Amino acid sequence: MTRDEIRKHVLDSLVSVAPEADVASLSGNVSLREQLDIDSMDFLNFVIAIHESLQVEIPERDYAKLITLQGCVDYLAARIKD
Amino acid sequence: MSDLVMPSLGADMEAGTLVRWRKQPGDAVKRGDVIAEVETDKGVIDIDVFASGVLEEIFVTPGNRVPVGTRLAKIRDLAESMPPPALPREPVSEATASTPAPQPTPRFSVVPPPPPASSLPPPPSAATSAPLARPAISPAARRLAQERNVDPALVHGTGPHGAITRDDVERAATQHAALPTATPDSAPQKQVVADERALRMRNAIAAAMAKSKREIPHYYLSHTIDMQPAMNWLAEENSQRPIAERLLYGVLLLKAVALALREVPELNALWDGKRAVPQSGIHVGVAISIRGGLIAPAIHNTDQRTLSDLMQSFRDLVMRARSGGLRSSELAEPTITVTSLGDTGVESVYGVIYPPQVALVGFGKVAERPWAMNGGLFARQVMTATLAADHRVSDGHRGGIFLNAIARLLQAPDKL
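As they're listed, the protein sequences go chains A and B.
Offset between the first sequence (1-based) and our numbering: plus 11.
Offset between the second sequence (1-based) and our numbering: plus 3.
Just so you know, these hints were derived from the structure itself, not from any lab.
Treat the hints with care, as some may be off.
Unchecked claim - Partial list, derived from the structure: chain A residues whose beta carbon lies under 10 Å from chain B:
id, residue
1, 31
2, 44
3, 50
4, 51
5, 52
6, 55
7, 69
8, 71
Since we're looking at a predicted model, the values are computed, not measured.
We put the CB at the ideal spot given by N, CA and C, even for glycine.
Next up, chain B with everything else stripped away, as it sits in the complex (with noise of 0.2 Å):
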């Protein structure tokens, strides 16, 4: 059995809403699969499971914020065996609930008893054969529903048996209209909506960054690198690549910045409060530019991916951080994070690392300048990467080892 809870997406967060649920009691859900949608300051993320099975019990209903680590659900793990018969559950009754304190976790369960223990699991298909039971809803509440636009699937039912009142529409619909993602909206209020989360996104990047700044005694290293041959082998490979396929040179970045992690695995670490816990899997954030702020999800696994892989999930995480549908695994997984300001123009960045990371990767554009090689005085496309990290974590003579470890990787870029 595993607990689903609000996970972590950010140094920052405190809290997140539940916006909806993907799944009901009885669905059976994979590794990877969107099991709700969370709203938080960077947005709404859909959260991803991280273990195959069954989901057995809900406990947080859409509208409700909790705190991170609120248990969210419970999911019965493929590998356990069937649950024992138990005595049939009512559903808990919510007139019980409506005492002067309010319940932040309401639960319901699924009503029909469980199968006896002789029988086989139920198939996957568990949500047709026990069908999460609907309270009954009053047919004026019913109408009301209809008119405010409202799921009574959705609606948190305070009558006698968990019935649903006019009321509880009525609680519901304000509190949808509150969730910037639930109803459709005038033009104006969307931009108030979009000015809102921008603030907020603002704020939690803000609380982060002092945070980072307060805690982390940060030392940075720059160095130059020759992009000619990584240049060079890119027109090429892209030259005999359909359109839909080319490169960018930012998957050259992301793919040294990685193998360079296998070299220098101590900048590959979360710290945990009180020293820095090495991961066995990379995974590169890479900072993305959006509306209101900056968001850096990880690809997973940076390492083990080819070019093509990496443009391919690098295009899509860009699409899901500008048009929604990021997932809690990518905001809650990232080892490092790259930062790479090419196409402002910019000759370096010196960043601020993201907690709990213990380094930053920033890289300026590749331009043309002036290069002294071999006695000789060139014209070559190079580029100036820096390391931003943390010293309790390690020290110039590593980052420095890590930093020239990009740069040679970069200059065998058919290795890549």
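If we strip away everything but chain A, and leave its shape as in the complex, we get (with noise of 0.2 Å):
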């Protein structure tokens, strides 16, 4: 799976959590939670999103790494090629 791939399949995640974001917008180096204006609860529904479309498990410990958008790919790039 491509970088491009993966990126869309985080931005669709992120739709499904706050719908009204518009990510074309999105930067990618700063905290998703501070641009998007999403909760606790919001954050672990797109964890859980991306682990459904991707099929990935991501520990808990992990969720550090998912704070921006350009963590989320890096990280799940790796995890992807495991």
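Grab the two chains, each in its own frame, and use the hints to assemble them into the complex.
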């Protein structure tokens, strides 16, 4: 899976928890929770959506790596390669 | 026989608009079933029924705004025997209703005569054997209904014998257009509707909060709780759970509050205007931030639920708070409210009690702080809990016992 495809999955998962999010204007390196006003419940649902769409296991201790869009893509690209 | 009335879904609610019936006369209803949808300042709410039975008669048709307490329908309870036979009834002729004074609650009832007393009670699928007689609709009216995207079944007919005229369809179409949920509309129109709804919700919250501060003498207590054991336990617990079953620490807080209420039950009461009435069930309302405001629906019997169960309910509640489908029983029945502002990063929250409740529990963020323990200084995960309480009902001493109970319960998370 290419990084672009991973990015698309991540953005789709984001939209599923924050339907009004303007994903096109998201900054890759700023915290998603800051940019989108999503709370811990939304974040958990976001992680679950990624897990379901990409079929990757994401342990709780790795949530910190999913803070930014770039972080998500980097993390998932490495996980999917395994 | 029980009456379904327009419920009060908040301290400030005066009236609601019946949007849609989800059951028809003759349908069986069981406890928890959604029987109608009602538009309020908090959005469209599903009215769920308390007792099982059969919906006998409807008194308010869609599009009508009626005060809280207005009889909406009659439900025959399961335990009752069959009604005695009666003379066949004509549908109330709506031609007589076209007098100058508009009828606020027009009636229509099942037309075929009830079966004789000697026969068995009708089966639950009574809807098919005793169908609601559809009033006649003129071809012109039917065409208009199609054009204007109006369901003839929902139109109140004013022609002879309740027949539906073009005017009736026209009126229904305008009414439905006024209801945000009725017809699909364009994006700008959706935004206008969303803004209006947000404004109404804000006004409803304003009214409730103003009433609370006017009438309830609040006192406030705060207590900082060592959350290290709870957070350690949670990390360990979640590492064993598949992702979709992991717990947020908030459910530990909800359970602790619910169990603490068993020890200080006077905080689980509702003010009836003169005194606090202790409630037998513990239904913790969870403050959920939504577009335009705040809503605090209850998780029923919070004290009896497992943490996994609470997590599922909590998640389901948040989803329905944000995208529709909250039930009247969830809005009418919280016995206390919990507001957790940990996600916003504030240390503590001193809230405003939501009438007719008598207390509100606030939680700030869980953060690492210096903490003295056993003569030494450590970095610990701690959280500040606050209690806003009605001084007519409880004093600081009891409030303090309550907060201490929450703190104590959170030291043994495996027992929650």
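*Structure versus earlier hints - violations, ascending order*: Structure breaks no hint.
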